[in-house]
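> Sequence:
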Amino acid sequence: MVATGLVLTARSLGVLQPLELWAFDRLLQLRPKEAPDDRLLIVTIDESEVQAQAAQGGRGSLSDQTLDRLLKELERHRPRVIGIDVYRDFAVSSRYPDLAAQLRRNQRLVAICKSSDAIADPTGIAPPPEVPESRVGFSDFLEDGDGVLRRQILKLDPDPASPCTTPYAFNARLAVQYLEPMGIRPESTSEGNLKLDQTVFQWLTERMGGYQGIDAGGNQIMLNYRSLSSPGAIAPQVSLTQVLQGKVRSQAIQDRIVLVGVIASSSGDVWITPYGTGTANEVPGVLIQAHMTSQILSAVLDRRSLIWVWNWAGEALWIGLWSLAGGLSMLWVQTNPSALARSRLFQGVIGVTAIAILTGLSGALLGQGGWIPLVPAGIALGIAGSITIYLNDQIRSKS
1 MVATGLVLTA RSLGVLQPLE LWAFDRLLQL RPKEAPDDRL LIVTIDESEV QAQAAQGGRG
61 SLSDQTLDRL LKELERHRPR VIGIDVYRDF AVSSRYPDLA AQLRRNQRLV AICKSSDAIA
121 DPTGIAPPPE VPESRVGFSD FLEDGDGVLR RQILKLDPDP ASPCTTPYAF NARLAVQYLE
181 PMGIRPESTS EGNLKLDQTV FQWLTERMGG YQGIDAGGNQ IMLNYRSLSS PGAIAPQVSL
241 TQVLQGKVRS QAIQDRIVLV GVIASSSGDV WITPYGTGTA NEVPGVLIQA HMTSQILSAV
301 LDRRSLIWVW NWAGEALWIG LWSLAGGLSM LWVQTNPSAL ARSRLFQGVI GVTAIAILTG
361 LSGALLGQGG WIPLVPAGIA LGIAGSITIY LNDQIRSKS
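Residues in the sequence shown are numbered consecutively from 1, following our numbering.
Just so you know, not all the hints are guaranteed correct.
Unchecked claim - Cross-link-like lysine-lysine pairs, in silico, DSBU-like; alpha carbons within 30 Å at most:
1. K33 x K195
2. K195 x K72
3. K155 x K195
It is worth saying that the hints were derived from the structure and are not from the lab.
With the sequences and hints as input, model every part of the structure.
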């Protein structure tokens, strides 16, 4: 009981959060590999292609001329949704009336804006003026304190003064638009959670799983990354140049979500995921958007698990059981008549075995979406076992 109380107190104060997030990341990396999501196609814009836009005298990463050609080429192959993950807070030139009309009327097309952020970006970024708000989603991501992206925000209450007033995330818009032809539309449960078909997206709270006292503003869920050889392998990719030159097969585009975005590191739109830190492991934002969109589609259409947690009572019981296991196992060792069983080496073997079992169970459950208290249970196990050994040693020394 002492060990359980100590661990629960430390956890509630946020002391264990960094360790729990670290363990969560390691377990994510150990999951069985999944196939890429072929419902998506990513059109990448690399450094040379960004520079080519500047040479055309265009603003941003996609000039009017290039975007006009790109949309016309994509439309020939009838994609279900086109997501332009490129900021365009300026009007189309009068030289491209067809492009302006496409942006206004093309119901397949979804654009982005960026919400105001008092710390990172107090001004925000407006959407393309031609695109109605019903086809605009915010591009904002939520980093944890260590800079790693583990959460996905689907909806927020925008600042009325922000140039980006859409309440819905870009990835949510893409997924919902993809699902609509199947007769699947967003609903709200009695608890206020999002429901798509039979799948309920339960919103994160300030204290949920390993998180203790986080900013849970808006409607957030955990991002259950697709387990791949690398985060960038989320979906088939083609270059902007390949599309413009007509080198992409119609079957690769037809009835898919086509995501267009910059992968050049110079864009600054790169992010750290649970799969590794450092510059070499940074993932372009368009690929993160693909993971987020894929998570929604996979949960609804494939019944792929979202990340779920136990309630506080369930987590406390789990931690308490491992504390009890630590105490009882060391009590058995200490009272065993065999000198070998009472040795520190054997006690160490018992402890390592218990931690291995706990880690294996945690990993297996995370493979099904369950984020259970690994670090708190392991610490409670160790504390209870150590207290039992200490008390038995004290009793023996006095007898």
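> With reference to the structure, classify each hint as holding or not holding.
Structure-based check of all given hints:
For the proposed pair K33 and K195, the alpha carbon gap of about 27 Å is at most 30 Å, so the pair holds. For the proposed pair K195 and K72, the alpha carbon gap of about 35 Å is over 30 Å, so the pair is violated. Our distance criterion of 30 Å between C-alpha atoms is met by K155 and K195, whose separation comes to about 13 Å.
Comparing the model with each earlier hint shows a violation of hint 2 alone; every other hint is respected.
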